[in-house]
Every structure is written in structure tokens, then in C-alpha cells.
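These protein sequence lines are chains A and B, in that order. Per the working numbering, residue 62 is the first one in the first sequence, and the count goes up by one each step. Per the working numbering, residue 62 is the first one in the second sequence, and the count goes up by one each step.
Because the hints were derived from the structure by calculation, they are not lab data. You may find that some hints are simply not true.
The list treats identical chains as one, so a pair stands whether inside a single copy or across any two.
[As the list claims (entries may be wrong)] Listed next, the in silico DMTMM-like pairs over lysine to aspartate or glutamate satisfying Cα-Cα at most 20 Å (straight line):
#1 Lys288 <-> Asp156
#2 Lys348 <-> Glu115
#3 Lys348 <-> Asp166
#4 Lys117 <-> Asp245
#5 Lys81 <-> Glu92
#6 Lys288 <-> Asp166
#7 Lys81 <-> Asp381
#8 Lys81 <-> Glu315
#9 Lys322 <-> Glu244
#10 Lys348 <-> Asp173
#11 Lys193 <-> Glu291
#12 Lys348 <-> Glu367
#13 Lys348 <-> Glu244
#14 Lys311 <-> Glu115
2 protein chains.
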Amino acid sequence: MNPILFTRGVPPQESIPIEKLSICAREVISEHGVDVLQYAPSPGYLPLREYLSERKELTAERVLLGQGSLQILDMLIHCLLQPGDVVAVEQPTYDRVLTLMRRADLCIFPIDLRPDGLDLDQLETALVGGLKLRLMYVIADFQNPSGALMPLNQRQRLVSLSQQYRFQIVEDAPYRTLRYNGEDLPSIFDLSPATVIQLSSFSKLISPGLRVGYAVLPENLHSILSKYAEDTYINPSYLNQAIVLRFIQKGWFEGHITFLKDLYSHRLQMMLNALQSHLDRICAWTKPEGGFFVGLWLGNGRTLAEVWERSEAAGIRLTDGRGFFERGGESFIRLPFCALDEQDIHQGIQRLAALLDS
Amino acid sequence: MNPILFTRGVPPQESIPIEKLSICAREVISEHGVDVLQYAPSPGYLPLREYLSERKELTAERVLLGQGSLQILDMLIHCLLQPGDVVAVEQPTYDRVLTLMRRADLCIFPIDLRPDGLDLDQLETALVGGLKLRLMYVIADFQNPSGALMPLNQRQRLVSLSQQYRFQIVEDAPYRTLRYNGEDLPSIFDLSPATVIQLSSFSKLISPGLRVGYAVLPENLHSILSKYAEDTYINPSYLNQAIVLRFIQKGWFEGHITFLKDLYSHRLQMMLNALQSHLDRICAWTKPEGGFFVGLWLGNGRTLAEVWERSEAAGIRLTDGRGFFERGGESFIRLPFCALDEQDIHQGIQRLAALLDS
Numbered sequence: 062m063n064p065i066l067f068t069r070g071v072p073p074q075e076s077i078p079i080e081k082l083s084i085c086a087r088e089v090i091s092e093h094g095v096d097v098l099q100y101a102p103s104p105g106y107l108p109l110r111e112y113l114s115e116r117k118e119l120t121a122e123r124v125l126l127g128q129g130s131l132q133i134l135d136m137l138i139h140c141l142l143q144p145g146d147v148v149a150v151e152q153p154t155y156d157r158v159l160t161l162m163r164r165a166d167l168c169i170f171p172i173d174l175r176p177d178g179l180d181l182d183q184l185e186t187a188l189v190g191g192l193k194l195r196l197m198y199v200i201a202d203f204q205n206p207s208g209a210l211m212p213l214n215q216r217q218r219l220v221s222l223s224q225q226y227r228f229q230i231v232e233d234a235p236y237r238t239l240r241y242n243g244e245d246l247p248s249i250f251d252l253s254p255a256t257v258i259q260l261s262s263f264s265k266l267i268s269p270g271l272r273v274g275y276a277v278l279p280e281n282l283h284s285i286l287s288k289y290a291e292d293t294y295i296n297p298s299y300l301n302q303a304i305v306l307r308f309i310q311k312g313w314f315e316g317h318i319t320f321l322k323d324l325y326s327h328r329l330q331m332m333l334n335a336l337q338s339h340l341d342r343i344c345a346w347t348k349p350e351g352g353f354f355v356g357l358w359l360g361n362g363r364t365l366a367e368v369w370e371r372s373e374a375a376g377i378r379l380t381d382g383r384g385f386f387e388r389g390g391e392s393f394i395r396l397p398f399c400a401l402d403e404q405d406i407h408q409g410i411q412r413l414a415a416l417l418d419s
Numbered sequence: 062m063n064p065i066l067f068t069r070g071v072p073p074q075e076s077i078p079i080e081k082l083s084i085c086a087r088e089v090i091s092e093h094g095v096d097v098l099q100y101a102p103s104p105g106y107l108p109l110r111e112y113l114s115e116r117k118e119l120t121a122e123r124v125l126l127g128q129g130s131l132q133i134l135d136m137l138i139h140c141l142l143q144p145g146d147v148v149a150v151e152q153p154t155y156d157r158v159l160t161l162m163r164r165a166d167l168c169i170f171p172i173d174l175r176p177d178g179l180d181l182d183q184l185e186t187a188l189v190g191g192l193k194l195r196l197m198y199v200i201a202d203f204q205n206p207s208g209a210l211m212p213l214n215q216r217q218r219l220v221s222l223s224q225q226y227r228f229q230i231v232e233d234a235p236y237r238t239l240r241y242n243g244e245d246l247p248s249i250f251d252l253s254p255a256t257v258i259q260l261s262s263f264s265k266l267i268s269p270g271l272r273v274g275y276a277v278l279p280e281n282l283h284s285i286l287s288k289y290a291e292d293t294y295i296n297p298s299y300l301n302q303a304i305v306l307r308f309i310q311k312g313w314f315e316g317h318i319t320f321l322k323d324l325y326s327h328r329l330q331m332m333l334n335a336l337q338s339h340l341d342r343i344c345a346w347t348k349p350e351g352g353f354f355v356g357l358w359l360g361n362g363r364t365l366a367e368v369w370e371r372s373e374a375a376g377i378r379l380t381d382g383r384g385f386f387e388r389g390g391e392s393f394i395r396l397p398f399c400a401l402d403e404q405d406i407h408q409g410i411q412r413l414a415a416l417l418d419s
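The following block holds chain A by itself, in its conformation from the complex (with noise of 0.2 Å):
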């Protein structure tokens, strides 16, 4: 039996519009030429930078394209913080960056997220309480792991605590664009965009292959960062970036957009209904209106320890739980949606809920 994969939250192989962005690489390199392919300004693909701060109405200089999302965090890392600083997380939260606050030897604040939400409370008790915290790095949308959305008024409370308290927040919405239902909430940063640092990428969008992300900064940031990239890697490949913005001004993304968001709804909604079917009364999850993850806690005390060993021979692989926390975990499971068709998440919950009933 080949185990279903609910590990790596990777969009699914059909999703990438290849054939197009053959033609829009040919035609970069044709038309721009040495524009994308010659040494050039650490900060990014200008066209790209001004396309994005347009949509935000802002100007191109607090834009800052990387080679994804997470080295420019890294990068935000270095020149913000240092060892021991404190930063706060939601809990659980993206197990690749709690990995680089480690690596950057900061002390890790976790605020426990739950179906329910995010526990506020801890953050403004700790900050009453005299700690001093210098970062607070959120996804609000359809969060990873756990699809979990903040609502208006948890937004509202932690920018109003990031300025009483001042600290930076960090707002990573990689996942924002793919809502399949309801309405857009104002992301963190809308509410308060002169503060606020947002991260994002066309990883999930277009092609994670691509590398390209980008930072929205403060203007005192922006210098900063762009002179570290510049000293780091010179600069992204302007090919990449390219290649994203053509995709665009073909009109080809928008209408990708429906493709992805036709693609992953229906997948959510079969992830959904067979944990209803499967699973309700034993464990609590999430109900996402968007991205690519659920996040399930296991009831009544249980780990996942517990059949960790089993799962293989039942059928599934899942990701353990724990990488997702500073601290916890062991009743965690993030199931990935958004690259398994809907037969294999019938069949996979079906297979989890019978390893679990074993």
C-alpha cells in the first residue's frame, strides 16, 4: 500500500503553468537581455518592485524582492536582532523559521494558537509582565500549519500592542491571495503600513522554483536590508523576477488565480467533510476559508507518538507535530490539502481515523 503523503505543504505539480512561463522566459531574455541577465541593484527587478507597491499605493522603495520569503527573513534576522533578543510566535507556527530564530541564537516567545484562535492574553500579560520583546513574526491568513485565520480584532490588538510595547511585527501572508471563501479581511500590514514589515512570494502563486519573494518595509528599513542583500548575493536573478511580472502583464494571472483557488476549494472541502465524517468527537480542527493546510489537534490527551510507528503500514505519512512548536506538539498534525486529488484525502483521513481508532 503506497502511504498518502500528508507531509510537504508543496503546491501539487499541475498547478504550475509551465508551457507559459516557458514563453515568458524566452521572451525576458529576448527583449530585456542584459536588463536580467547583467550584475544590477540588490533591492530587485524594478518593474516588479513598482507592480507591487502600485497595488499597495506605495513606492517602489519600500519593496525589496528576494530569492523567497525566507532568506529575507533571515536576512531581517541579522540586521534587526541579536543573540538572545526575544521573538514572539504564534504556536504553532512555520517550523522553517522557528529553525532560523534558533540558528540566530533568539530566545522564543510561543503564543499558543488553537481551533479557537490565538491566546492574546499570554502576549500582553508577558508585556505587562516587563518582557522585552523586539519582534513578532504572524501569519495571519490561512496560517502555517494550521489554517487558522486571525480575526479583525486579534489584527487590531497586536498592532495596537506592537506600538505600546514596540515591538516590529513581522506579517508573513504567502498563503493570503488563495481565500475559496468569505471575504478579505485588512491584512496586518493594511493596518498599519508604515510599521508593519509584510513578507510574501509567488512561491505558492506561480512557481516556488521561481525563488521569488519580497519584503514591504518601512522606509529606514528598506536601506538597511538592501545593503545586507547587496553584500550577501549582489544581487536576486532579475530573470526570475521577470519572468513572474510577464506572467502578469500577459494577463495570464488572474486567471490562474481562479484555477488554483477552483483547484484547492474543492480539495479543502473534501479534507474537510471526511474529518467530519471521520474524526468529529475524537479530535478538533480548523476550518479554513484558504491556503493549503488543516491543522488537527488530537483529543482526550493523545499523541501521535502513539501510532507514529504504525502509520507507514496504515497508509499515511504524516509530519511530526512537534517541529511546528517551541514547545508541544505531540498531539499536532498539520494535513496538507492542496497537492493530494480528493479520492487520496478521502481515502487518507479515512486511514487516519481507523490508525487512530487502532
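Given the coordinates of chain A, assemble chain B onto it according to the supplied hints.
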């Protein structure tokens, strides 16, 4: 009078094979699709790693591809060194490397490089005297900024010092392929392939903007660097790496190198002729057999500062030599010749001579 630019050492626009790269880009996306557009392992595109390793009779497990070689050096610094560790460099050396080392709070031990060679006695005396050297960064072939070629006996002596005193050699070899006359010497890597780290890239051979650099690493370091790279940026863009390989596989690389050598060797010869005609007995300079640069030392205790303010009016723009030095450099001028046509080279050196004479 437009100034003639003796400033940045970038390949000239006419050296970049735009139309051929456009074909390669389209082909690799169409044919390899998801393989170059999806998330992927951090060491880089395996077929290009195999091509590079086979030429050195190594396994592909020794090769790490990155987004330019500078960033690989930055990762090496983070993986191998601590603040305060001592690193040696030729003086002058590549300015961006000094920046990276200072950023990492390393203690830089500069070894004087003059037109008559590198002063390895200086290094050995310090090592005998107890210097705890951790790493030496060296460009043995057509050095940036001096154009110097390290003789074979110095390469051998450096390797033997590194073994006796247990420091890591990092050899940067981006110009090695661009030899315009004379015979190849063994690289430092060739003399000790199990221990020396060699960096190189396709920036000077195909296109800087593709950002395809690489390291050949000792076995034990490859997994450490790969993990660091994955934690930093997940993976480099395989698209760019596949474009480079396709360019090679189509048989275009060798002809392109011949074209570059022909273009640059005439420019180098013009530079050396002009220096001989106009600055003999006033300055000393290297006589490079390849690469991008001639290094010029002003004679008679003169410094660039004396003429700096008048250089634009004299019709030339120069780089402040101190950027290539940990200490000193007031009398050093880097003269890049690849991106200037023969007339500009001749006229530029004439103007420099007039400036120094004024």
C-alpha cells in the same frame, strides 16, 4: 568630456549570449517543467552538479550550487567560523569578501601582495609566532583586484602551511578559465582536493545575472553547507542552473569562452601597451595572463588622494584602492579592462598619466 570608467569589474554587455540563453530558458522549462519550477534539494540542480564534478573526477556529492559564489562564502563563514576568528587574505583582495568578513566580526590578517608576488614569509612568520589562523581566502588565478597569478611554488607552500598549521583554504577561481596566454597551473584545489574548498561561478563566463555560483567542498562540509543553505533559502533557482547546463550541452560554452578570450585578450594587451607607453618608471603594475584586472601601484610615495578630486575633470573615474585593503591601499588602483573598448583603454590610460603628471 564623458569619464572613462575604470570602476566596476563587470563583464561587458556584448559578452552576454542573450539569444542563446533565451533559447536555453525556453527549452529547459518546456522539457523539464516541474523539475526546475518546484521546490527541490538545496545543493542545486543535480545534472549541473554532475557535469562539474565529473570534470574534476569527483562525485556530485562534493558540489554545492548557490546563488552566486559570494553567498556560499557567507554561508561558509557562518558554518565554520566564530566572531573573533582569524582569517587571512591577500592584500589587496576582493572588496566584497572583506565586507563579509568584517560583518561577521572576523579578525582579518592581510598578507601583502605586490606586483612581484605574495609575501608568504609574512604568513609563515606569523604562524610560527603562534597566529591561530582558521581560514585563508585566496584568488590564485588572475586575482581580483590585482590580476596577479600565484606561482606554483607558492601554491604548494600554501597547501603545506595549511596542513601544518591546520587552517582551511578557500580558493576563489571565477577567472581561472579566462587565460589569454601562457599555460594553466594546477589550482590550489588540484594540489589538495580533499581539503581545499574551491569557489567559482558562471558569472564571468556566461552571465552574472543568472546568479549561478558553486563550491567544491570536502565531504564532511557538504552536508553542513547544504543544511545551512536549506535553512536559509530552501533551494537556489534550478531554472538558472538548468539554463547554464543547457548552454553547455548545446555545445555553445567552448565557443563562447574562445570568443571571450579573444575579446578580452586584445583589451588586456592594449592596457599593458598603454601602461608601458605612458606610465613606465612612474608606476608598477602586474602583467596578467588572464582575468579582468590589472593592478597598478603608484610610485614615489604618491597616493590616489592627491589626484582624486581632479579625476572626473581629467575624464576618468577610478575606484578608491583602499576598499581592497584591510590597511592601506592609498596608492593602489584597480584597472578593469574587459568592459572597455580598445580606444577607451588607450585614452583612459593616457588621461590617467596626464592626471598623475599634473
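These are the hints, each one checked on the structure:
no.	hint	verdict
1	Lys288 <-> Asp156	between (27 Å within a copy, 14 Å between copies)
2	Lys348 <-> Glu115	neither (33 Å within a copy, 51 Å between copies)
3	Lys348 <-> Asp166	neither (34 Å within a copy, 48 Å between copies)
4	Lys117 <-> Asp245	within (15 Å within a copy, 55 Å between copies)
5	Lys81 <-> Glu92	both (16 Å within a copy, 13 Å between copies)
6	Lys288 <-> Asp166	between (23 Å within a copy, 17 Å between copies)
7	Lys81 <-> Asp381	neither (37 Å within a copy, 46 Å between copies)
8	Lys81 <-> Glu315	within (13 Å within a copy, 31 Å between copies)
9	Lys322 <-> Glu244	within (14 Å within a copy, 60 Å between copies)
10	Lys348 <-> Asp173	within (17 Å within a copy, 66 Å between copies)
11	Lys193 <-> Glu291	neither (31 Å within a copy, 30 Å between copies)
12	Lys348 <-> Glu367	neither (25 Å within a copy, 71 Å between copies)
13	Lys348 <-> Glu244	within (15 Å within a copy, 68 Å between copies)
14	Lys311 <-> Glu115	within (18 Å within a copy, 41 Å between copies)
Comparing the model with each numbered hint stated earlier shows that hints 2, 3, 7, 11 and 12 do not hold.
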